[in-house]
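**Q** Residues per chain, in single letters:
4 protein chains.
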Amino acid sequence: MEPVLRFGMVGGGEGALIGDIHCRAATFDRRSAIVAGCFSRDPAKSAVTGRKLGLSPDRVYATYEEMAEKEAAREDRIHYVSIVTPNKSHYEIAKTFLLRGFHVVCDKPLTIELSEAEELKRIAARNGLLFAVTYTYSGYPMVKQARELVRRGEIGDIITVMAEYPQEWVLNAVKPSWRMLASEGKSCCVADIGVHIAHTISYMTGLAIESLCADMQTHGTLTELDNNANILVKYTSGATGMYWCSQVAAGSKNGLKVRLFGTKGSLEWHHERPEELLLSLKGKPLQLLARGRDAMYPEAAAFNRLPGGHPEGLYEAFANIYAAFGSELEGLLDGSGSGAGADYPRIDDGIDGVRFVDKCLESAQGGSKWVSYAP
Amino acid sequence: MEPVLRFGMVGGGEGALIGDIHCRAATFDRRSAIVAGCFSRDPAKSAVTGRKLGLSPDRVYATYEEMAEKEAAREDRIHYVSIVTPNKSHYEIAKTFLLRGFHVVCDKPLTIELSEAEELKRIAARNGLLFAVTYTYSGYPMVKQARELVRRGEIGDIITVMAEYPQEWVLNAVKPSWRMLASEGKSCCVADIGVHIAHTISYMTGLAIESLCADMQTHGTLTELDNNANILVKYTSGATGMYWCSQVAAGSKNGLKVRLFGTKGSLEWHHERPEELLLSLKGKPLQLLARGRDAMYPEAAAFNRLPGGHPEGLYEAFANIYAAFGSELEGLLDGSGSGAGADYPRIDDGIDGVRFVDKCLESAQGGSKWVSYAP
Amino acid sequence: MEPVLRFGMVGGGEGALIGDIHCRAATFDRRSAIVAGCFSRDPAKSAVTGRKLGLSPDRVYATYEEMAEKEAAREDRIHYVSIVTPNKSHYEIAKTFLLRGFHVVCDKPLTIELSEAEELKRIAARNGLLFAVTYTYSGYPMVKQARELVRRGEIGDIITVMAEYPQEWVLNAVKPSWRMLASEGKSCCVADIGVHIAHTISYMTGLAIESLCADMQTHGTLTELDNNANILVKYTSGATGMYWCSQVAAGSKNGLKVRLFGTKGSLEWHHERPEELLLSLKGKPLQLLARGRDAMYPEAAAFNRLPGGHPEGLYEAFANIYAAFGSELEGLLDGSGSGAGADYPRIDDGIDGVRFVDKCLESAQGGSKWVSYAP
Amino acid sequence: MEPVLRFGMVGGGEGALIGDIHCRAATFDRRSAIVAGCFSRDPAKSAVTGRKLGLSPDRVYATYEEMAEKEAAREDRIHYVSIVTPNKSHYEIAKTFLLRGFHVVCDKPLTIELSEAEELKRIAARNGLLFAVTYTYSGYPMVKQARELVRRGEIGDIITVMAEYPQEWVLNAVKPSWRMLASEGKSCCVADIGVHIAHTISYMTGLAIESLCADMQTHGTLTELDNNANILVKYTSGATGMYWCSQVAAGSKNGLKVRLFGTKGSLEWHHERPEELLLSLKGKPLQLLARGRDAMYPEAAAFNRLPGGHPEGLYEAFANIYAAFGSELEGLLDGSGSGAGADYPRIDDGIDGVRFVDKCLESAQGGSKWVSYAP
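As given, the protein sequences belong to chains A, B, C and D, one line each in that order.
Per my numbering, the first sequence starts with residue 1, numbered consecutively.
Per my numbering, the second sequence starts with residue 1, numbered consecutively.
Per my numbering, the third sequence starts with residue 1, numbered consecutively.
Per my numbering, the fourth sequence starts with residue 1, numbered consecutively.
Simulated from the structure, these hints should not be mistaken for laboratory data.
The list cannot tell twin chains apart, which means a pair is met if one copy fits it or any two copies do.
In silico EDC-like cross-links for lysine to aspartate or glutamate, where the CA-CA straight-line distance does not exceed 16 Å: (1) K52 / D29; (2) K45 / D20; (3) K88 / E184; (4) K88 / E116; (5) K282 / D294; (6) K264 / E148.
Make a model of the complete structure from these sequences and hints.
**A** In structure tokens form, the structure reads like this:
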């Protein structure tokens with residue numbers, strides 16, 4: 001049985017980490033096969049990647065426009081496209097494929113402008129197309145377990161949220177990467193990793209931001225945009241939060257960490273120990289929940305692949321997003337609707353991320369003033 | 001050789017944790033002996049404590065005013081008084097003893113009003129009296145080691161500071177303690193533990209706050225004042241910080257934690273693991289410095305009592321403050337000046353704490369607006 | 001470009017964890033494609049697995065003998081077979097495929113009898129065939145980094161080795177699994193996980209066992225064989241060691257942990273934190289080496305897939321074994337010899353494991369007497 | 001109220017760590033006062049210590065024999081003596097004081113020869129004298145909590161015990177300390193720290209050793225006796241254990257660690273995190289019990305001094321031993337018998353330690369043969 005789903009990729013040429021991750025994740029469960037791509041603006045590089053992936057040369061395209069057009073004309077056309085290019089190009093590429101009737105998986109942040117993100121949503125909705133945005137961390141089973149614990153009221157009403165995402169790579173950079181350039185976007189740090197905080201908290205808790213106050217800074221001389229942001233948040237429920245994202249935090253690797261403090265208990269998840277969840281319930285000792293060993297809610301357990309003590313990592317988290325997206329897409333294609341409502345981040349999550357970046361910028365540019373999230 | 005220094009205590013009657021800690025800490029090194037006290041407003045309770053401490057009954061006083069007056073008249077008068085009463089009374093008691101010529105050790109926060117704290121400073125200065133404020137955590141050797149690492153530039157210029165002090169006791173309270181009452185002060189959480197964050201950061205880094213933005217909240221119905229505060233800080237150096245203190249953080253015990261991120265490295269100290277210091281220097285693996293085992297700067301090593309792997313704790317940290325205060329006081333009394341400049345928190349640190357509380361309140365009451373620290 | 005290598009699998013039918021792991025690992029890098037199999041003794045179950053894997057029905061075989069025979073006759077025959085059946089059958093299956101000229105990847109323990117393992121070695125050598133034994137843990141990059149640190153003398157001469165591999169599954173079992181049965185082998189715990197300790201230590205250190213003393217026990221009523229073993233080891237170098245493996249260690253998941261203590265430093269690697277390596281060098285603070293972030297020797301770094309802070313896990317470790325095996329096999333097939341000597345566990349490692357089980361049994365059955373490893 | 005109990009010390013002169021610890025521990029609760037001593041064989045050094053401790057010069061003695069004789073003649077004689085000299089002298093000193101009618105606190109190992117230890121027991125019993133042996137680690141509240149959990153059957157019947165006590169100081173030594181010399185005892189490592197393992201396990205579990213097999217080694221050239229020992233243990237209950245003690249374990253500080261695996265759960269306590277206890281119960285997530293925060297049995301909670309999150313350390317553990325000893329002694333002196341049976345290590349524990357050393361030596365000297373513990 002060949003994989004049911006065929007997909008193509010835009011971006012992800014040689015040396016592109018995130019493209020390789022998408023490709024392995026999409027195919028991890030033999031549900032999707034990559035059959036087409038436009039991996040680089042340089043056709044030679046694109047061809048190399050195509051060969052490595054075993055693609056037919058006529059399905060390695062010079063431009064994404066050509067890819068969308070020619071794939072649309074094929075009998076065995078791709079079902080969806082994965083977009084893993086620099087952020088600025090997401091909008092045009094996604095739009096092009098949506099207009100040709102392709103489902104889309106797109107990396108985050110979805111777009112630079114909020115209006116762009118909203119337009120993509122309208123086009124997708126109009127054409128009945130699925131649109132996933134790959135917020136990686138929501139693919140981890142213990143993040144899903146945290147969400148279920150919150151949903152079921154185990155930690156009570158949330159009082160305050162502490163979330164952070166420190167990295168250190170800008171400190172070590174010797175020349176600017178595209179992310180650092182003002183020509184490539186409006187924000188570097190908040191757009192790249194702040195959105196992961198915002199999504200993870202939203203995903204785990206369902207809390208909606210009412211207002212925020214962001215102090216965004218640029219340290220060093222290489223970065224033209226923000227590389228550290230300290231943010232206060234107020235949620236509509238009355239809860240509060242503190243978000244910190246940084247690309248100049250010496251000694252940090254990729255340290256997304258979330259702590260939720262509720263009236264009945266608290267939760268902690270740390271990306272450096274993704275297989276664990278710390279749960280403290282009022283009047284009880286701290287519990288260390290281990291993925292695959294300890295009882296998990298079905299919504300989370302469904303994403304376990306290996307038993308306890310057999311570490312899963314980032315590839316598997318990513319594969320979980322593709323697995324959920326794929327299950328809904330298969331159900332859509334075969335008319336059964338079997339995977340409808342599957343658990344993966346969707347275009348609304350993508351829009352939320354763009355709004356979060358905009359609001360942080362609005363606050364920071366106003367002298368770190370409080371800005372309302374109300375429309 | 002009897003201990004050189006004689007002291008008395010105001011507060012600290014039966015069941016008072018902090019009084020007992022002060023008493024053990026002061027006498028830990030046989031440098032000070034307790035000889036007088038007014039331990040409670042209830043003379044019977046005070047007498048019990050006096051007997052337990054082996055005091056002569058005529059030096060267990062009914063009121064602190066009487067104590068100050070009668071001790072002042074004795075040949076073998078106390079050299080200093082330790083004040084461990086509820087915060088609101090610190091000012092009057094300290095003033096009374098200073099005016100009688102006694103050196104003072106006072107718990108934090110120093111006073112309720114900034115003007116009170118500043119007045120105490122003037123009186124102490126005028127009379128050449130020492131005044132220690134017991135910010136416990138600056139007594140830990142690894143906190144001192146962190147300070148020395150920063151001073152020597154090991155982590156470069158500080159970019160951002162992450163500090164927190166979560167507790168959970170308010171969640172478990174069944175009736176209000178005095179700290180929760182508006183009649184006892186202006187702030188509960190920031191005044192009680194927020195000041196420890198402010199002092200620890202100031203002590204470790206020397207950074208001066210330029211402005212801050214505080215979101216102070218009250219959760220639950222028992223507390224009349226703040227029990228959670230999320231605070232953004234800007235320092236005069238251009239560095240930024242986030243401070244979080246909470247008394248409603250389920251699962252937290254007494255979790256002061258400080259992380260400093262600089263241009264060349266980062267540092268982490270956590271009160272739950274007080275014997276360790278995490279040090280990450282650019283381009284090098286994370287190092288875990290162990291008190292008593294690894295090389296320490298003399299200013300920190302001087303406070304080591306036990307070799308590595310033999311845990312020291314809170315009593316010893318507290319004793320370090322009394323040891324430094326005692327060494328300066330002995331040098332003052334014998335005219336040698338030998339302990340001048342010893343490393344313990346002084347009245348200026350106490351004043352800073354009161355100002356920190358005031359500024360947080362000013363910000364919070366103004367809708368979490370940014371307030372300047374400038375005079 | 002299709003994957004160069006074609007392989008088939010014996011065992012690994014529906015619900016078989018280890019078969020699925022092998023299959024994902026072998027194909028993870030698009031170097032191998034599965035094209036044939038005999039996944040179960042039940043043809044219907046085997047067919048289901050074949051369909052899921054997209055195999056041509058005529059290459060899903062009823063017996064492994066048929067598979068070996070028919071594959072041998074094909075133009076597009078498999079290059080190698082992966083054997084993932086219960087231990088007792090490894091010998092016959094491996095022998096059958098070797099005799100037909102197929103390279104072999106076989107799970108551990110290689111065989112039940114030492115003579116069987118040695119015979120397989122002779123056959124493979126005679127026919128110029130590669131033979132990998134999947135000691136999973138040697139696939140982790142930080143295990144390889146540990147090996148390189150030892151090789152380069154960073155921790156000096158090894159004084160003592162502490163190694164353990166506790167699990168708890170037997171405590172939770174409600175009926176016997178095949179591993180527990182005397183009809184399936186001579187040892188349960190040592191054969192299943194003790195061999196991982198022996199291999200990991202041998203791989204990391206190169207130490208050769210001179211003699212050992214094993215206390216093997218059976219706890220509970222379900223297991224017919226050992227489920228806990230406490231073992232003292234003396235190496236030919238004069239170093240000593242303690243190995244503990246258990247399947248009745250409550251709270252343990254899959255806790256392989258290795259500590260090496262040398263004259264100049266010590267190393268620690270724990271499978272629950274596979275991305276870290278603790279390194280303590282004389283006179284220096286403890287270092288926590290993080291995969292992908294900190295400097296690694298080329299022999300280890302070559303196996304990194306993701307940057308620091310992006311967790312890799314068991315699938316990737318397993319894939320590293322297949323990648324090394326595949327690189328040597330490709331070089332053999334294309335005549336370049338390019339991957340010769342690649343870093344993966346070979347038949348000699350498999351033989352060592354069987355000898356280790358035999359020696360432990362000999363010791364335990366003699367009243368936990370010391371037994372020599374000398375031939 | 002002056003402390004009820006008066007004591008003297010033999011050993012513990014300037015620079016002697018353990019003497020200072022005993023002295024602070026004994027006086028920590030104001031229950032005992034030091035009033036006499038023979039701190040060094042050098043009278044000048046002894047006098048310095050005496051002055052520092054505020055002793056009357058006529059109670060600082062030149063020899064312990066003189067001290068025993070003269071104290072026995074005083075009205076205000078000491079109630080007990082603390083013996084903190086090198087091991088070899090414990091026997092003669094303890095005997096001398098017992099024969100004069102003094103209660104004794106003695107450091108471990110109690111004596112060099114088993115017959116000596118047994119003789120001390122007979123003398124103490126004959127004279128109705130208390131005799132404590134300071135196995136430090138049994139003073140930690142969480143060690144006591146572990147004991148209570150085992151007693152109450154929380155982890156079921158013990159299957160296997162993993163215990164270790166690694167240090168590294170011998171690796172760093174530049175000249176021999178007395179402990180390393182054959183003239184000072186029969187064992188270095190097992191006698192100094194191995195006995196702590198044996199006592200802690202005995203204390204926590206009540207398990208009695210049936211037989212053991214010890215591989216004792218000497219690494220490096222400075223030590224004349226053992227500095228590393230790997231030991232297999234069989235208990236009379238059928239449980240097994242592995243003990244490892246080392247003074248050549250690079251990177252280790254003072255790492256006593258105990259893990260108990262039972263049929264219903266497991267426990268772990270580590271001296272580097274003395275405030276925590278890891279408890280894993282069948283079918284439940286791992287729990288991290290925090291001293292002072294989580295529910296503790298009364299037998300353990302009675303020894304808590306500070307609330308949760310306020311670290312206690314080694315001084316306090318030591319003080320707990322003196323507190324229990326003191327409570328029994330007070331009850332004996334005042335005739336109330338109020339502290340009878342208090343929880344502190346007694347002479348039988350001391351005897352057990354000496355036997356443990358003897359049995360390890362017997363095994364090691366017989367080629368690491370199994371030796372029976374039966375009389």
